[in-house]
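*Asks:* Here's the letter readout for the chains.
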Amino acid sequence: MSSSPMLTGTEAAQPKLDILGEVGLTPFEGARVRELVGREPNALEWAMFGAMWSEHCAYKHSKKLLRTLPTKGPHVALGPGENAGAVDIGDGLLCAFKVESHNHPSAVEPYQGAATGVGGILRDVFAMGARPVAVLNALFFGPPSAPRARRLLSGVVGGISYYGNCVGIPDVGGHVSFEDCYLENPLVNAMCVGLVQRDRLSRANTAKPGSAVYLVGSDTGRDGIAGASLLASFELGAGSDAKRPSVQVGNPFLEKLLMEATLELVELDAVEAVQDLGAAGLTCASSEVAARSGVGMRIDVDRVPRRAKNMSPYEVMLSESQERMLVIARPGREGDVERIFRRWELQGVRIGEVTEEKVLTISSGAEVVATLPPALLADEAPEYDVSRWAAPPRVAGDTLPDRADVAAAAGNERPLHKIGLELLDLLASPAVASRAVIYRTYDQMVGTDTVLGPGADAAVLRIKGRADGIAVAIDAQPRVAALDPFVGAAAAVAEALRNVVCVGATPLAITDCLNLGNPERPEGAWQLERTIAGISAACVALGVPVVSGNVSLYNATRGADIWPTAVIGAVGHLGDVTRHIPVTSGRPGDVVMLAGSANVAVGASTYGASIGVHEGPIAIDLALEARLQRFILAAHEAGALRAAHDRAEGGLAVALAELALRDRVGMKVTLPAVRGIDKRAALFGEGPSGAVLVVGPSLESRLRALAAQHDVPVWTLGTIGGDLLEIAPVLGLPIASLVDAHASGLARALGREA
Amino acid sequence: MTRVAILRYPGTWSERDFQHALSLVPGVESDILWHEDADLKGYDAAVVPGGFTYGDYVRAGAIAKLSPATRELRRFADAGKLVLGSCNGFQILCEAGLLPGALVRNRGLEFRCDWVHLRVERDDTPWTTGLRDAVLRMPIAHGEGCWVADDETLADVESRGQVVFRYTDERGGATAAANPNGSLANIAGVCNEGRNVVGLMPHPERCSEALLGGTDGYRVLANLAPALAGTAPALYR
Amino acid sequence: MIFVATIRVLPKSEVRDPQGEAVRGALRSLGLAVSEVRTGKEIVVTFEAADETAARDAVRVMGTELLANPVIEDYAYELKEGAPA
Amino acid sequence: MIFVATIRVLPKSEVRDPQGEAVRGALRSLGLAVSEVRTGKEIVVTFEAADETAARDAVRVMGTELLANPVIEDYAYELKEGAPA
Ligand SMILES: Nc1ncnc2c1ncn2[C@@H]1O[C@H](COP(=O)(O)OP(=O)(O)O)[C@@H](O)[C@H]1O
Ligand SMILES: [Mg+2]
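So the sequences go chain by chain: A, B, C and D.
Going left to right, the first sequence walks through residues 1 to 754 as the working numbering numbers them.
Going left to right, the second sequence walks through residues 1 to 237 as the working numbering numbers them.
Going left to right, the third sequence walks through residues 1 to 85 as the working numbering numbers them.
Going left to right, the fourth sequence walks through residues 1 to 85 as the working numbering numbers them.
Hints in this document: simulated from the structure, not taken from any laboratory.
Do not rely on the hints blindly, as some may be mistaken.
[As the list claims (entries may be wrong)] Cβ pair distances, simulated, as ranges:
hint	chain 1	residue 1	chain 2	residue 2	range
1	A	Asp302	D	Ala83	54 to 60 Å
2	D	Ser29	A	Gly639	56 to 62 Å
3	D	Ala50	B	Gly213	55 to 61 Å
4	A	Pro393	C	Leu30	41 to 47 Å
5	C	Glu14	D	Ala33	34 to 40 Å
6	A	Val349	C	Glu52	35 to 41 Å
7	B	Asp78	D	Ser29	46 to 52 Å
Idealized CB from N, CA, C, for every residue including glycine.
Bound-form chain A, shown alone (with noise of 0.2 Å):
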């Protein structure tokens, strides 16, 4: 590929010998960039060359892979590829959404990191003409009792309440881990879901030659040049700290106006496409809508409004300063478009236009700069086949024995009569105390649509004007994770969508956040294999496709991976709203059923950690699943369910507790009684594919029925009524011992005020 070599501008100086470094790049993508554009780029394009094709822009790692991925189904609108992924809800609607990382970003400075990520999560969203309607966050941290982590937790918690709310948009749920491989490393995951008529869905692949480019929002200014891309595409502490960009500070109001300034432009039909500026900023935004609409751009950087003095085109095409958007408008529709900027009192600056020629050309004023072919940057970057490095930790077989024989032992010690207090710390225990210390910061109801906010098995939105509504949950299992990334990953696609399925919910879709270590280390590359195996096989399994997703990988600290996680955020389907399962202990007399799996362990659950132990063998049977999904809906169907209850952190013990604390009512119930697990096991242990289901007395026989027809095995444990938690043989606790150690714990935790 040659280009024009007429470039005077003053980047065009000769590039300084380190400059491969200095942008990122390998001297293998080097030698690539040359080959490719068939000169020596200059210094500018070197940059732009190091943004894009940075792991976090590019995926080189993990494309590949990410390929292996069930992306079809008849529900998919718009699958992954696209600012966020969409499916179709029915009478013309989609649902769009994505899950995005801001790790790095966190961990440097946890308020406006986290913040901007909702920001950004957002943009992706209504970039696409979507309204957002909801978002969620996934947060991972070390414990509570280092201040390292309350300080991240709080930072991190405040920015994303800050942001939403102020942009309005409920967070309706969420997912917290503390673990110690976060400490350094803390995990922000964010997910937005938002609602568009299909004829209304704007894409970036629709630019045509000829139209204006505008650039709308904020002034571009020094802060983060190259920040997410470079921040998130290396180690934390690795390298000097001079990479470390000035901290990005996030505006919501403008956020707020940008979004409605879009929707507005998208709704009147005045734009051919909508790009938000993420990471790699003007140069990603205008490279892959030109890419993806096979055309060229002509961008001047003079136009660009700035907030700082004597900024350089390399400045200006690498800053990536938040609330930002890059707008194509429709021939002839220029002054609408600058009318509706003007209306929601935003600075909108006509940079450019859409050119014929595949050729993306940067002029500052009359002087040409840079010149390269969109596809290049956006498409052209190296893919590495980790597989051929992948390997399991070398260790595995000696550090990782079956111990289960020492655990149940170290549990049998434990004198049974205690077993009530176990139970009580393990629901203060900040893996399983209630997280409303957090959520209650969030706006959880604004736009009026939520049905079921933060704290039920999945959120539940209605959808004004129709009969139908959506649920949505975010989820991981890095406990499992960390012990076979394969079953973890997997484990985590069953939880959200058994948690979407408890609430009555149709599973559609699900988004995937990938956070893993290094993928330049052995282990680390065969995490990342394993990871996206195990969401496949799950998603096959389960009949749910992938439809967007993030990569988030070298989430290391001086050498050490986090556990690999998998965040999965699921939606599904209610065709009545007013059906869904509700948030209930239901009545005195009804009857509590356990279905699916019995079979758990403590190996990897939080009872385990309580007790040092974290260990194998852990399995998921995923066909089973399948059929405890199915069975639920079928249950729900034939309107047979009071109410249900996954079963998660801390076992059937702390599924049965919570159940029990929706209304405040008792219950009297019986351990199932299944050969190999101990009484201990059988309370705290955990395993995938479970869950509590509540029934009418006058029903147990039909739900027993519907339970061999699915071939999902039921066991009746007991009845709702009084004011005890009463499990036969072991404990029997009253309910408001149960209230207070849930709704305080974390708050103690983290050394607040309930």
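Got chain A; can you put chains B, C and D with the ligands on it based on the hints?
*Replies:* Chains B, C and D with the ligands alone, transformed into the frame defined by chain A:
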């Protein structure tokens, strides 16, 4: 038809929620008006909804009060028309001097979204007709909802009966524990001396349907049409 | 002429300052013998005005119309000629 | 001894100040020729310390541990002896 104008400023986010909730009230029709050119002629009532106008920078409602809409609201209120401000709308009305006191950061400095109980202190406002002593359950969602005033203003507000809503427990007790934000005297909402302008921090528009967890907000909004039509047992006949 | 005004807004002493109370608590938990904390704002405005009198008038407009709420806050200012450092 | 510290916290100059941008817009809408606004916090702390050196140490703790976020903010302080006015 009772015509209601819902004001929308840059950063407002409850305007469509209010419009939806008001659409459930028979005899009420509403329009969303842009703050810059809001013309309230022909409307019976105006709602200043919640949001983060101008990002709540400086103080919640401080920049919004500079909008031309404030002049229009003042004229409208002086003419005896009905004004309701909720959440950020309450903050704007206080900033604009249409209601007494000011709203500062919550005790605890945290944004709070939760359900609270409110006791209705006065039924002689158009929004609380027939609700005297009722204990309502409503959501709040704010970071700056702590109502404060100097001692003299507080004494005046109390003695003139301008306190319309107080945070209470579910039995109507105005306890410290029931106060979610540290407001003086548990004050959740006040009215002007003319009683036609009412502001409160909670969100009636969020609890006007059983599907969303409560209908007490509807009891407030539904007062509107009868109050204006003269069919309610109110002062506002 | 270019002026720089530094405007300081503090809550009136008779009005509650929840933020100040919270900061006091936090500082005490750091082991400091703090008896009172008032939290306010500082706003540094660079602007143009014909002369010093006009500049003072402008600052008063800023203070009373926007930056301070007279119900709960007082403000004070310093004015300097020339661009900020 | 009783000291009063006035601690001023301002965003670092290269860091964006959205509040300042909003205030600038609002002041312009009042007809003022404002070119730049930076907004910060002012915290007035009354506290006890053994002597001036100890007091300065205490103020530095307040600034770095709680009042300013060193990643994005700078702080400066003034220290006076005696109770506040
Ligand atoms: N960071 C968070 N923000 C908002 N809601 C959260 C957050 N973390 C957890 N939640 C909510 O708290 C409830 C319990 O979370 P979790 O223990 O992960 O439940 P489950 O095991 O059913 O997924 C869920 O409703 C979840 O949506
Ligand atoms: Mg979970």
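*Asks:* Now, for every hint given, state plainly whether the structure supports it.
*Replies:* To see whether the hints hold, each was checked on the structure:
no., hint, verdict
1, A/Asp302 <-> D/Ala83: 54 to 60 Å, "57 Å, holds"
2, D/Ser29 <-> A/Gly639: 56 to 62 Å, "59 Å, holds"
3, D/Ala50 <-> B/Gly213: 55 to 61 Å, "56 Å, holds"
4, A/Pro393 <-> C/Leu30: 41 to 47 Å, "42 Å, holds"
5, C/Glu14 <-> D/Ala33: 34 to 40 Å, "36 Å, holds"
6, A/Val349 <-> C/Glu52: 35 to 41 Å, "36 Å, holds"
7, B/Asp78 <-> D/Ser29: 46 to 52 Å, "24 Å, violated"
Violated hint: 7 only; the structure is consistent with all others.
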